[in-house]
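**Student:** Sequence:
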Amino acid sequence: MKRIASWLLAAVLGLSVIATASADGSSYLEMVRMQMAKAGLPPGYLATSALPAGLTLLPPPPAAGSAAEQRDIEANAAALALAGSDAARKAMAAADANTQFPAVTQTFTCALGLEITEAATPTLYRLIRRTFADFALATMTVKQHYQRPRPFMVNGQPSCVPADEERLRKDGSYPSGHSAYGFGWSMVLAGVAPDHSDALLRRGIEYGASREVCNVHWQSDVEQGRIIAAAVFARLQGEPEFRRDVEAARAEVEAARRGTPTAAVTAAFASCGK
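For the sequence shown, the numbering used here begins at 80 and goes up steadily by one.
Heads up, some of the hints might be wrong.
[Claimed, not checked] When the alpha-carbon atoms are kept at most 20 Å apart in a straight line, the in silico EDC-like pairs for lysine to aspartate or glutamate are as follows: (1) Lys169 - Glu244; (2) Lys169 - Glu285; (3) Lys169 - Glu153.
I should point out that these hints are in silico values taken from the structure, not numbers from a laboratory.
Between the sequences and the hints, there should be enough to build the whole structure, so can you do that?
**Tutor:** Here it is in structure tokens:
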């Protein structure tokens, strides 16, 4: 499977010369959606016209010299210090940068208390793959509009994804796409498994924070990515197909929990809590 974020970024750069025909960039997003389909990525549940209008919803990124920018600079310094002092957190941040399926779904294994796999939980696996398009696409018009430089471009420090830096330089930092779909997935999963909602939402928050530890996003990028995720999640509640799939995934998870754990599942949980 392709790394979804890397593919999406390539699509964005390839379409960057296309002018948006409306305030919400619906024509631009429709072009990207078509490219996603050609690449074999599943469509989201929302039509591009139903996505939140990010440029209306979100404020501009912090202005140069503002208190908000200083807050981002201080948070970035703290994130770099954490990466330098906590090897486990840095490793987690690097792992969270991997957007390849099925690695993405393994991110939530410990929080959910269950492995999400195409074989064992096909409905839930499909739900995660489909909602990626909804959460990611909702950030793109804003990212292209502001083209905010990423932290590693400003502070001169390395990121945890050196192989991606050339592409990331051409992709706006605000808001964080990782934060949007990471937190978005955690809300979807919390709806599927409400008894694990606290752990799932915490993991979704950490997933976005990993981008700060990686030195590829500012704190405000990550925070506004979560706002986009919440707006998309609210829109998804009005989609009958999404609600049906959530109900089916909930039944699937309950059935999977009643099953006997395999050796592979036992191994997957070996590092949980460490």
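**Student:** Broken hints, numbered, in rising order?
**Tutor:** none
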